[in-house]
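Take the given structure of chain A and dock chain B to it, following the hints.
Protein chains in written order, with the numbering used here: chain A, 1 to 108; chain B, 1001 to 1115.
Any given hint could be a false lead.
Stated by the list, open to error - Below, simulated DSSO-like cross-link-like pairs (lysine-lysine); rule was C-alpha separation at most 27 Å, straight line:
no., chain 1, residue 1, chain 2, residue 2
1, B, Lys1065, B, Lys1018
2, A, Lys95, B, Lys1069
3, A, Lys45, A, Lys95
4, A, Lys95, B, Lys1057
5, A, Lys42, B, Lys1018
6, A, Lys2, B, Lys1057
7, A, Lys95, B, Lys1071
8, B, Lys1065, A, Lys95
9, A, Lys2, A, Lys95
10, A, Lys95, A, Lys79
11, A, Lys45, B, Lys1018
12, B, Lys1071, A, Lys42
13, A, Lys45, B, Lys1057
14, A, Lys45, A, Lys79
What the hints contain is simulated information worked out from the structure, not anything from laboratory work.
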Amino acid sequence: RKEVEQDPGPFNVPEGATVAFNCTYSNSASQSFFWYRQDCRKEPKLLMSVYSSGNEDGRFTAQLNRASQYISLLIRDSKLSDSATYLCVVTGTYKYIFGTGTRLKVLA
Amino acid sequence: EAQVTQNPRYLITVTGKKLTVTCSQNMNHEYMSWYRQDPGLGLRQIYYSMNVEVTDKGDVPEGYKVSRKEKRNFPLILESPSPNQTSLYFCASSPETSGGAETQYFGPGTRLLVL
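For reference, chain A alone in the conformation it holds in the complex (with noise of 0.2 Å):
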């Protein structure tokens, strides 16, 4: 079992509909928790990072479940712009974990 999944998609979706990811992880021990864009074989760019209380940046939310150990990402309104591929990062001691990514395409 992979130690971070995500769903590879793609998710084909209209402009302005919303649309969420999740990733789940196998290391209960797992401290931080990151969700990264990747723009076609670009750099990893942070998108946001993600707490137990859930945060919000505009019309992204990301939401963490320990106890069932995923992290989700939602995405509102999604914009033309939003067309990535979204990486789910779980950090250890020292250690960074990259999901695979889930492609985003958003549809005119």
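Then chain B, alone, in the frame of chain A:
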């Protein structure tokens, strides 16, 4: 401008010819790391460094070496490259060594093809 730089950005080489990919950051970050990204496998950590002269293996260290003689530089060395090391490589840095709790800043990537 705060950034992580990598060189070269693109490299084609032949099996067995030693090469070095440089990585430099100007943010005074303590933690630096190398990843490779392959289709279907995502980013996998090769080596990381918590500070000068302190390095450790990630998940896929075989065939690679690193050094951290200065805080800003973290070169990746392939002593004898093989075709299975053809990949997209990213260097990253983060502010503190706090057990992985910090976000990372990535370089632009190096595309390596080993023939």
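Against the structure, the hints:
no. : hint                     : in the structure
1   : B:Lys1065 with B:Lys1018 : holds, 11 Å
2   : A:Lys95 with B:Lys1069   : holds, 21 Å
3   : A:Lys45 with A:Lys95     : holds, 17 Å
4   : A:Lys95 with B:Lys1057   : holds, 10 Å
5   : A:Lys42 with B:Lys1018   : holds, 25 Å
6   : A:Lys2 with B:Lys1057    : holds, 19 Å
7   : A:Lys95 with B:Lys1071   : holds, 19 Å
8   : B:Lys1065 with A:Lys95   : holds, 17 Å
9   : A:Lys2 with A:Lys95      : holds, 15 Å
10  : A:Lys95 with A:Lys79     : violated, 33 Å
11  : A:Lys45 with B:Lys1018   : violated, 30 Å
12  : B:Lys1071 with A:Lys42   : holds, 25 Å
13  : A:Lys45 with B:Lys1057   : holds, 23 Å
14  : A:Lys45 with A:Lys79     : holds, 18 Å
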